[in-house]
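Trainee: Here is how the chains run, residue by residue.
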Amino acid sequence: MPRSTYQRLLGFVGKLAVLLILGFLVLPVAVVTIAAFNDRAILSFPPQAWSLRWFAKAIAYQDFRDGFRNGLVVTVWASTIALMVGAMFAYALDRYRFRFKKGIEGILLSPLVIPHFTVGLGFLILAAQVGWTRGYAVVVFCHVVLVLPFVIRSVYVSLRNLDQSYELAAASLGAPPSRVLLTVTLPLLLPGLVSGWLFAAILSFNEFTASLFVTAQRTQTLPVAMYNYVREYADPSMAALSVMYIVGTAVLIVFANAFLGLGKVLNIEQSR
Amino acid sequence: MNAQPFLRPFTAPAVLCTVGLVAAMAAVLQFSLRAYVPGSLEPGGFTLANFSDLLKPLYAKVFLDTVWICFLTAICTLFVGYPLAFALVRTQNAILKSILLVIVVTPLFLGEVVRTYSWIIVLGNNGFINSVLMNLGIVRQPIQFMFTTFGVVVALVHVTMPVMVVMLAAGLSHIDRDYQKAAESLGAGPVRTFLTITLPLSMPGVVAGVTTAFAWTFSAFATPQLIGGGKVNMISNLVYQLGFASFNFPFAASLCVAGLALTIVVLTVLRLAARPLDDLKAH
Chain A
65 MPRSTYQRLL
75 GFVGKLAVLL
85 ILGFLVLPVA
95 VVTIAAFNDR
105 AILSFPPQAW
115 SLRWFAKAIA
125 YQDFRDGFRN
135 GLVVTVWAST
145 IALMVGAMFA
155 YALDRYRFRF
165 KKGIEGILLS
175 PLVIPHFTVG
185 LGFLILAAQV
195 GWTRGYAVVV
205 FCHVVLVLPF
215 VIRSVYVSLR
225 NLDQSYELAA
235 ASLGAPPSRV
245 LLTVTLPLLL
255 PGLVSGWLFA
265 AILSFNEFTA
275 SLFVTAQRTQ
285 TLPVAMYNYV
295 REYADPSMAA
305 LSVMYIVGTA
315 VLIVFANAFL
325 GLGKVLNIEQ
335 SR
Chain B
255 MNAQPFLRPF
265 TAPAVLCTVG
275 LVAAMAAVLQ
285 FSLRAYVPGS
295 LEPGGFTLAN
305 FSDLLKPLYA
315 KVFLDTVWIC
325 FLTAICTLFV
335 GYPLAFALVR
345 TQNAILKSIL
355 LVIVVTPLFL
365 GEVVRTYSWI
375 IVLGNNGFIN
385 SVLMNLGIVR
395 QPIQFMFTTF
405 GVVVALVHVT
415 MPVMVVMLAA
425 GLSHIDRDYQ
435 KAAESLGAGP
445 VRTFLTITLP
455 LSMPGVVAGV
465 TTAFAWTFSA
475 FATPQLIGGG
485 KVNMISNLVY
495 QLGFASFNFP
505 FAASLCVAGL
515 ALTIVVLTVL
525 RLAARPLDDL
535 KAH
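The listed protein sequences derive, respectively, from chains A and B. What the first sequence shows, in this note's numbering, is residues 65 to 336, in sequence order. What the second sequence shows, in this note's numbering, is residues 255 to 537, in sequence order.
Source of the hints: derived by calculation from the structure; they are not laboratory data. Treat the hints loosely; a few may be bogus.
[To be verified] Listed below are several chain A residues computed to face chain B (Cβ distance under 10 Å; list not exhaustive):
#, residue
1, V96
2, L136
3, I171
4, L316
Every residue, glycine too, gets a C-beta built ideally from N, C-alpha and C.
Assemble the whole structure, with the sequences as input and the hints as a guide.
Mentor: Here's what the structure looks like:
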């Protein structure tokens with residue numbers, strides 16, 4: 065082939081570009097990891113001595129502990145409620161015809177484009193006007209609304225790909241609708257439900273901007289606590305916490321990829 | 255038999271959420287039309303003054319800066335994200351593909367604060383880049399990345415990239431490979447095949463990616479707040495500052511409304527500009 069040298073060069077340039085871009089993506093993660101293990105309080109590269117003391121400090125810091133606990137409370141409630149609300153609505157979207165269907169769908173998917181600071185401010189004002197104290201309820205409700213689009217989409221896609229003949233078979237054998245739903249539809253939907261829940265949980269745990277508006281000192285979640293820390297202190301315990309955060313998230317992602325196939329969830333499998 | 259047995263119980267919770275979201279947005283809209291009473295959390299009577307205040311140069315500049323930063327970020331993310339999306343879709347090796355996917359997707363779930371903090375360590379005056387450059391003797395004084403638009407955009411590109419790559423990859427993966435094979439068998443080189451076949455067919459993904467990147471960047475708060483440090487302000491920072499530093503919630507709400515209107519206008523323009531591309535999808 066006469067083009068082979070040229071093609072090889074092209075392939076090389078392409079691979080180099082991809083490597084550089086991956087480097088850009090990984091650079092902050094690598095740097096924050098180095099900083100977390102650096103013994104000195106002042107950031108310096110390369111570090112002279114290594115230590116684990118910033119991890120110990122981060123774990124012992126009360127605001128981070130509270131933030132982690134509050135974050136877990138909010139995440140568990142918000143993702144579970146969002147999963148139930150979203151899955152039932154996705155089912156209705158796929159199977160039923162009802163009034164204002166398009167309108168409700170549009171509004172529930174709108175947090176994808178409405179800036180989070182607007183949603184946060186809205187719930188803050190609403191809570192103040194209705195006279196709610198700034199407790200967990202408003203934070204959880206705000207998170208439910210924010211993660212609902214992802215759950216609805218995830219479950220809706222699974223419903224679309226579901227073979228309805230199983231349900232028809234069960235129904236024709238005399239199973240009432242509730243039994244068909246519980247013993248046929250629900251088990252078939254399980255992967256979609258799990259990925260939707262996982263999506264919702266990760267997004268809720270990481271949500272920051274809206275949380276900054278709706279949380280109070282007593283209910284602040286981990287990202288809010290981290291933000292407040294970065295504003296006030298410059299020591300690497302934040303780097304240590306970031307590393308724990310990154311490792312935790314990466315483990316979840318690898319797990320999700322192995323069991324659910326992220327490519328399918330994100331709709332980026334190559335068509336053949 | 256009832257054809258829609260679970261209609262009411264299945265839609266009721268969703269309707270409740272819809273009502274809540276609409277009420278929250280209505281609250282913002284209502285506050286944007288109320289007067290600010292200094293020293294009080296309760297707003298005054300109805301007025302349009304908040305919206306006329308938006309035209310003051312100080313605030314108008316923040317609007318322009320925000321659109322400019324969003325635009326820059328979306329375009330840079332597109333150029334950086336495209337090769338990666340291409341590699342992600344075309345890699346045949348399953349392990350390599352998984353590694354790529356995890357590297358691309360993990361930052362998506364990392365949250366803005368962690369990523370912004372990481373960039374502060376990379377870009378700061380004592381940060382990674384400046385330390386390396388000074389140790390190598392390339393520069394004597396640290397280069398100022400913090401508190402500059404450049405620094406903010408670099409971090410925002412990093413924040414936005416995963417979404418862009420996912421959108422582009424979705425667009426690229428749905429292209430029928432036979433078109434490329436046909437072009438190649440007719441003697442087109444890889445560059446020509448890419449420019450005349452793959453690139454035009456991937457345009458729906460590009461449009462989806464750019465619109466999402468724009469909306470995503472518009473929503474960013476921690477990155478411009480911490481890396482911009484008050485020198486680079488976006489609408490989000492102004493909203494927070496007005497709300498929590500001066501308790502001027504009515505004006506903060508009017509900024510939100512104007513920002514939302516601006517997003518809708520920009521997204522609609524992008525959609526309309528991309529309309530001719532729908533023909534491509536149909537074939």
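Trainee: Now look at each hint and say whether the structure bears it out.
Mentor: Structure-based check of all given hints:
1. V96: holds, 4 Å
2. L136: violated, 15 Å
3. I171: holds, 5 Å
4. L316: Holds, about 8 Å.
Hint violations for this structure: number 2 only, all remaining hints satisfied.
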